[in-house]
Amino acid sequence: MSDSVLAFNSIAFHYQTGKKKEAVSIFDGIDFRVNDGEFVSIIGPSGSGKSTIFRLVTGLENPAAGEIFLNGKKTENRLGQVGYMPQQDLLMPWRTIKENAVLPLEIKGMKKAEAESRVLQLLDDFGLKGVEDKYPGDLSGGMRQRVSFLRSILSGSNILLLDEPFSALDAITRLSMQEWLLAQWQKWKKTILFITHDVDEALFLSDRIFVLTGRPNHQLTEVTVPLGRPRTVRDLSRPEVVTLKEQLIDQLRSKELS
Amino acid sequence: MRKLHSYLLSSSLVLVLLVIWEIGAWSYGKSFILPTPSEIAVKLWELREVLIFEHLPATLLIIVIGLAISIIVGFGLAIWMNVSRIAEKAFYPIIISSQTIPIIALAPIFVLWFGYSIWSKVVVTVLITFFPITVSAFDGLRSSDKDLKELMLTMGASKKDLFLKLDVPSAMPSIFSGLKVAVTMSVIGAAIGEWLGAQAGLGYFSRRMMTQFDGAAVFAPIVLLSAVGILLFLLVTVIEKIVLRWRKQV
Ligand SMILES: Nc1ncnc2c1ncn2[C@@H]1O[C@H](COP(=O)(O)OP(=O)(O)O)[C@@H](O)[C@H]1O
Ligand SMILES: [Mg+2]
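First to last, the protein sequences are chains Z and P. For the first sequence, full-length UniProt numbering assigns the number 1 to the initial residue and increments by one for each residue that follows. For the second sequence, full-length UniProt numbering assigns the number 1 to the initial residue and increments by one for each residue that follows.
Treat the hints as calculated values from the structure; they're not laboratory data. For every residue, glycine included, the Cβ atom is placed at its ideal position computed from N, Cα and C. Certain hints may be false.
[As the list claims (entries may be wrong)] Quick list of simulated restraints, FRET-style, between CB atoms:
| no. | chain 1 | residue 1 | chain 2 | residue 2 | range |
| --- | --- | --- | --- | --- | --- |
| 1 | Z | Q16 | P | T100 | 35 to 45 Å |
| 2 | P | V14 | Z | G109 | 54 to 64 Å |
| 3 | Z | H197 | P | S158 | 30 to 40 Å |
| 4 | P | S158 | Z | E22 | 31 to 41 Å |
| 5 | P | Y92 | Z | E76 | 33 to 43 Å |
| 6 | Z | G137 | P | W45 | 43 to 53 Å |
| 7 | P | Y92 | Z | G137 | 25 to 35 Å |
| 8 | Z | R253 | P | R85 | 42 to 52 Å |
| 9 | Z | A65 | P | S158 | 25 to 35 Å |
| 10 | Z | L175 | P | I230 | 47 to 57 Å |
| 11 | P | R245 | Z | Q16 | 38 to 48 Å |
| 12 | Z | H197 | P | Y92 | 35 to 45 Å |
[To be verified] Listed next, the in silico DSS-like pairs over lysine-lysine satisfying Cα-Cα at most 25 Å (straight line):
| no. | chain 1 | residue 1 | chain 2 | residue 2 |
| --- | --- | --- | --- | --- |
| 13 | Z | K19 | P | K146 |
| 14 | Z | K108 | P | K146 |
| 15 | P | K149 | Z | K98 |
Model the full assembly from the supplied sequences, consistent with the hints where possible.
Here you go:
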């Protein structure tokens with residue numbers, strides 16, 4: 001376990017909903033580990049609890065039973081410990097690009113001048129040079145996602161959680177964002193957990209894929225992607241990858257029906 | 001272009017109404033009851049020095065003090081209700097129901113309490129402007145995005161961070177809407193206050209002219225009052241444009 005930066009040990013979790021506080025069980029004792037520097041995708045039918053995993057990791061929710069380990073340590077108070085990039089870019093419309101990116105540093109209490117100079121250096125790497133004083137409303141969807149990603153990196157954590165970041169982008173932008181994300185992942189040597197409902201996207205990006213098996217989840221299915229790196233989109237048409245893709249789609253489809 | 005067009009429409013409508021008024025009042029022929037717009041304009045010019053240097057400052061002082069008190073107390077209450085559920089439950093219903101009290105009918109009582117000093121007029125102004133300011137600030141503070149709040153929590157944000165970096169900026173559009181209503185109503189509040197009794201002020205002057213059957217002189221300070229209202233409104237709009245410059249002007 002020394003290598004795992006994130007571990008769930010028999011995690012049980014339920015939401016309390018409605019007036020009567022009925023418990024809706026989402027997880028019923030699941031386990032997984034994510035190793036340092038790994039890229040892991042989570043797929044599953046919608047409503048199966050993918051985002052709930054992130055809410056547990058970030059500390060927005062706490063498990064009813066079980067333990068969560070961050071960087072080998074059992075961590076009860078996880079708020080402020082992992083970088084999280086939500087599904088919508090969630091940039092503050094009243095802040096400029098630079099001010100948006102600076103937010104996590106500001107919250108950590110870094111001096112304004114120091115924080116801004118750090119951000120300005122990075123904006124260039126993120127293909128955001130020249131837009132630092134624009135507002136989010138002036139940027140394209142792809143650019144806003146890059147700002148959101150930069151912001152999650154600036155949280156300073158080695159673990160990044162990305163919740164369907166590219167689902168709102170058109171196919172071409174999405175492909176270039178995927179390639180860009182892989183380049184950034186390798187450059188920053190982060191551990192990434194990535195939620196998607198697109199099986200191709202999961203296969204193209206990840207080392208391993210976790211499949212959620214519908215509510216309540218007793219266990220995750222884990223799949224290792226049989227591809228080395230660097231990859232190209234063409235690798236996705238290799239026979240072993242195509243077989244795996246069909247298996248995964250069958251698995252998701254049977255869950256959706258039940 | 002479209003903006004220019006809409007100004008053109010409203011100003012030509014005003015012009016048409018003024019012409020109708022002019023003709024109507026002229027044929028009616030009792031200018032102590034209904035003066036023509038041109039008579040009012042002439043009167044305004046004749047009285048310019050008394051109105052602008054004597055009565056306008058008195059009214060402006062009431063408006064400024066009244067608005068300042070409303071803003072301080074209103075924002076304070078809004079913030080308090082935002083952080084405390086108990087404060088919300090205690091004050092919100094009172095604030096809403098206070099609006100059903102006919103303030104104009106109550107106004108003579110303030111004279112009883114505060115005499116003919118400036119404070120009886122300030123109280124009327126505060127009571128009228130306090131509501132839009134408090135409610136818009138409170139609703140604005142509550143309008144902040146829940147997902148953004150959770151995102152900030154995952155960054156380790158404190159309550160103070162959430163308030164200053166999320167709630168307050170989210171409240172700004174709503175606060176400016178409330179301020180626009182409040183500044184126009186402050187003019188009404190000050191004028192009503194002055195009717196009750198004062199030694200100076202545009203509302204007081206208008207009222208005094210009424211007893212002298214000088215119709216044009218009743219209307220002249222009212223023109224000035226509404227000009228003050230429009231100017232205050234424009235001032236708030238300009239500040240809003242600067243503070244909310246991230247909003248696209250369409
Ligand atoms: N805050 C919440 N309160 C109650 N139920 C919730 C809450 N968030 C999510 N759920 C429910 O939990 C289930 C899993 O949600 P989620 O993790 O968002 O699914 P996914 O991301 O896989 O689409 C859904 O059925 C959803 O309706
Ligand atoms: Mg989700």
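Discussion item. Flag every earlier hint the structure violates by its number, smallest first.
Written reply: none
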